[in-house]
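Number of protein chains: 2
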Amino acid sequence: MNSSLPVLKIGMLGCGVVGSQVARLLKDDARELSTRSGAQLVLSKIAVRDMKSKREGLDASLFTLDAQSLVTDPEIDIVIEVMGGIEPARELILQAFAHGKSVVTANKALLATHGSDLYSAADKAGVDLYYEAAVAGAIPILRPLRESLVGDHVKRIMGIVNGTTNYILTKMDEEGRAFNDVLAEAQSLGYAESDPTADIEGFDAAAKAAILAGLAFHTRVTAEDVHREGISSITATDVSVAKSMDHVIKLLAIAELTPDDQISVRVHPALIPRTHPLAAVRDAFNAVFVEAESAGELMFYGRGAGGAPTASAILGDVVAVARHRTVGALGPRESDYADRAIVPIGQTKTKYLIRLNVADKSGVLAAIAQAFATEKVSIQTVRQTGRGAEAELIIVTHNATEAALSSTVKHLTQMEMVRSVESVIRVEGAAQ
Amino acid sequence: MNSSLPVLKIGMLGCGVVGSQVARLLKDDARELSTRSGAQLVLSKIAVRDMKSKREGLDASLFTLDAQSLVTDPEIDIVIEVMGGIEPARELILQAFAHGKSVVTANKALLATHGSDLYSAADKAGVDLYYEAAVAGAIPILRPLRESLVGDHVKRIMGIVNGTTNYILTKMDEEGRAFNDVLAEAQSLGYAESDPTADIEGFDAAAKAAILAGLAFHTRVTAEDVHREGISSITATDVSVAKSMDHVIKLLAIAELTPDDQISVRVHPALIPRTHPLAAVRDAFNAVFVEAESAGELMFYGRGAGGAPTASAILGDVVAVARHRTVGALGPRESDYADRAIVPIGQTKTKYLIRLNVADKSGVLAAIAQAFATEKVSIQTVRQTGRGAEAELIIVTHNATEAALSSTVKHLTQMEMVRSVESVIRVEGAAQ
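Read top to bottom, the protein sequences are chains C and D. Numbering-wise, the UniProt record's numbering puts 306 at position 306 of the first sequence, and it's gapless, one number per residue. Numbering-wise, the UniProt record's numbering puts 251 at position 251 of the second sequence, and it's gapless, one number per residue.
The set of hints was computed from the structure by calculation and includes no laboratory data. Check each hint, because a few of them may be wrong.
Copies of the same chain look alike in the list, so a pair counts if it fits in one copy or across any two.
Below are the DSSO-like pairs computed for lysine-lysine, each with C-alpha atoms no more than 30 angstroms apart in a straight line [unchecked claim]:
| hint | residue 1 | residue 2 |
| --- | --- | --- |
| 1 | 361 | 410 |
| 2 | 124 | 52 |
| 3 | 27 | 155 |
| 4 | 155 | 9 |
| 5 | 243 | 361 |
| 6 | 361 | 349 |
| 7 | 54 | 124 |
| 8 | 349 | 9 |
| 9 | 243 | 124 |
| 10 | 361 | 124 |
| 11 | 376 | 54 |
| 12 | 9 | 410 |
| 13 | 376 | 9 |
| 14 | 54 | 361 |
| 15 | 9 | 361 |
| 16 | 410 | 27 |
| 17 | 376 | 349 |
| 18 | 27 | 361 |
| 19 | 54 | 410 |
| 20 | 124 | 376 |
Every value quoted in this text rests on a predicted model; they were computed, and no experiment measured them.
Can you make the complete structure from the sequences, with help from the hints?
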């Protein structure tokens with residue numbers, strides 16, 4: 001380190017997979033980080049829940065069980081929060097702000113629930129709140145949205161922001177395997193949690209969708225505003241039907257402006273064309289596809305999780321916050337001036353793929369087409385494959401509201417000639 | 001606009017395709033830009049070379065022929081330079097700095113030649129120099145490199161940073177057409193200049209490579225430091241051979257750290273595997289693939305040129321610079337502390353594909369393999385296809401220096417059994 005530079009002391013809340021990487025990098029790269037930030041960055045305290053875990057390469061005297069004393073310590077300038085969860089993280093961050101510390105966090109759940117409160121508290125205290133690591137790990141997406149695209153108008157964001165579900169869907173697509181089979185394998189390999197609900201059912205992606213929507217559309221959006229559907233109902237047949245149509249099924253986090261300037265924000269599986277840049281995003285990789293008025297189509301791709309990638313994003317924020325403290329500046333504040341309304345899912349328009357088993361006799365197609373027409377859902381393509389007494393009917397609609405589509409499906413299930421509605425999946429990323 | 005906010009006056013040098021879009025957006029989005037920047041941004045002067053061109057929607061009184069008076073005008077706070085070229089742009093920007101103005105520019109050639117002088121002058125004057133639009137148009141790549149990845153170590157950058165050449169190579173790949181044929185079409189469509197040298201021969205990409213290498217490796221790199229080869233020698237056969245090997249040929253701008261911490265920076269066509277994320281970047285799109293120590297693999301994708309996309313990047317910079325002026329802060333300075341050496345191309349190691357026509361008789365392969373061994377170039381794969389008295393031999397090497405490879409090719413051309421060395425192309429992006 002360059003000892004002529006001012007010292008900034010860092011306290012860290014938590015020291016798990018991410019925290020231990022952050023601690024290692026702060027130590028190993030001390031000289032370069034000081035050159036780049038204009039300050040000597042010293043990790044001086046780490047609050048943990050137990051002192052027994054072995055933490056290699058880190059001085060035991062750094063550790064404390066008293067998180068409270070860390071966030072109120074007058075010596076500490078910057079707090080890194082990597083403990084996760086809502087409480088006590090929220091309370092500790094608020095206290096850190098109240099005691100004049102800037103905060104860097106990777107806590108998507110907290111930001112998607114209490115983001116505005118945190119921003120207000122940081123603003124009041126005149127300190128920074130940075131959280132690049134909260135969405136898509138190492139991929140720089142929040143800084144480009146908050147800063148690079150600040151002179152543009154974002155129209156739509158579609159992201160693959162959950163690595164576990166993308167890993168599962170990739171294996172299903174490439175190996176033709178069933179959901180439960182791949183999930184079990186992912187769990188045994190440590191790619192999926194033993195309780196995979198947060199990933200599989202889209203809770204994790206919904207928190208990230210809320211953060212992205214808020215930044216893109218200058219409006220407060222919380223995880224509760226996000227319509228959420230997971231991937232547990234996606235079958236091997238769904239995946240193979242998508243494949244036969246040159247599409248691939250992805251769990252997408254979508255935030256888009258509607259024609260009347262409202263926001264639709266949702267997480268659900270969807271078919272996208274194989275030619276779409278997101279279709280090539282495989283395994284546990286993440287990517288965020290952005291459509292802006294002037295910039296056009298942009299995509300940001302990389303590792304969405306993992307200790308080192310997440311630590312990279314956190315250190316980028318730490319350097320920014322440190323530079324601000326040495327020169328007396330501040331980063332962007334919350335931008336919620338647009339205050340747009342969030343469209344209920346019933347009014348959200350997308351294309352749909354509906355797969356039906358129907359009786360294979362004359363007049364069926366006409367009757368089913370009539371059912372769609374009655375509900376004012378316009379059909380784009382139909383594919384019928386006979387198999388004995390039954391036929392498989394695959395219908396892709398033009399844009400339709402979720403409400404109209406639901407009515408149509410209800411209508412279909414009441415028709416005698418419809419043996420079963422096998423699946424209903426949205427189609428995204430195609431020309432309308 | 002919010003009239004309680006301070007006014008910042010903007011002068012613009014040039015008003016072509018990009019400048020007219022910048023002017024339009026500054027006018028149309030005045031209210032939002034003021035909310036986002038904390039200042040009323042007023043375009044108050046535009047210097048042009050002739051007053052006769054019709055410029056729709058812009059007040060004639062804005063225009064002046066006197067660029068000199070614009071950059072010295074005490075009323076002007078921010079100068080946007082979109083005139084291009086080295087002089088008088090360089091001299092005007094230096095004067096703008098000397099008169100206390102921050103500068104936003106899209107001028108890659110200027111930055112790749114005189115970047116350090118400009119940085120020094122901005123530093124001395126205590127003003128900002130921003131230039132996101134200079135590399136890969138609308139794609140936020142410089143801000144992520146300068147800021148998001150500032151806590152990480154970039155190991156390699158591979159970019160498709162020239163839209164014209166990527167358009168040509170895409171058509172050659174997808175339609176099997178010859179270079180000259182596609183170039184002529186691109187010229188007639190306006191996708192390529194009537195004198196296409198800057199694009200085709202890699203000068204444009206080399207300037208961008210220099211800028212990316214400098215930022216990534218904290219070292220001064222100019223366009224002259226960049227080894228440069230264009231795509232005019234790529235034949236339809238090269239493209240189809242690449243295709244038969246599940247590769248695609250792209251013009252790549254590469255900046256990488258060598259094992260002994262030097263920098264290799266070069267622009268040349270190369271085969272990359274179809275599974276590489278860059279392989280899917282089609283037509284005039286650009287993408288920059290970054291490998292960093294902690295973050296892993298990242299890719300940034302979007303439109304690399306065009307009026308509106310470039311204007312989006314410029315306005316992002318203008319908002320940043322405006323925010324800095326209202327709060328008295330400054331963006332990142334030049335970072336050249338690492339001062340790494342640049343490796344001569346002869347010592348640069350890559351894999352190569354060599355395609356030969358040889359006599360189809362026994363002992364040929366052994367003799368040719370011996371020629372490689374003599375030059376200490378290790379062979380990875382060989383594919384021989386007989387056709388009458390001749391055979392086509394396609395050899396892919398392991399990593400070899402350019403010097404060793406050149407010696408090998410010289411050696412081969414002197415062998416009687418070698419009828420011709422049809423092509424020598426580098427292979428990038430694969431496991432070694």
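Next on the checklist: Please list, smallest to largest, the hint numbers that this structure does not respect.
Outcome noted: Hints 2, 6, 7, 8, 9, 10, 11, 12, 13, 14, 15, 16, 18, 19, 20 are the ones this structure does not satisfy, whereas the remaining hints hold.
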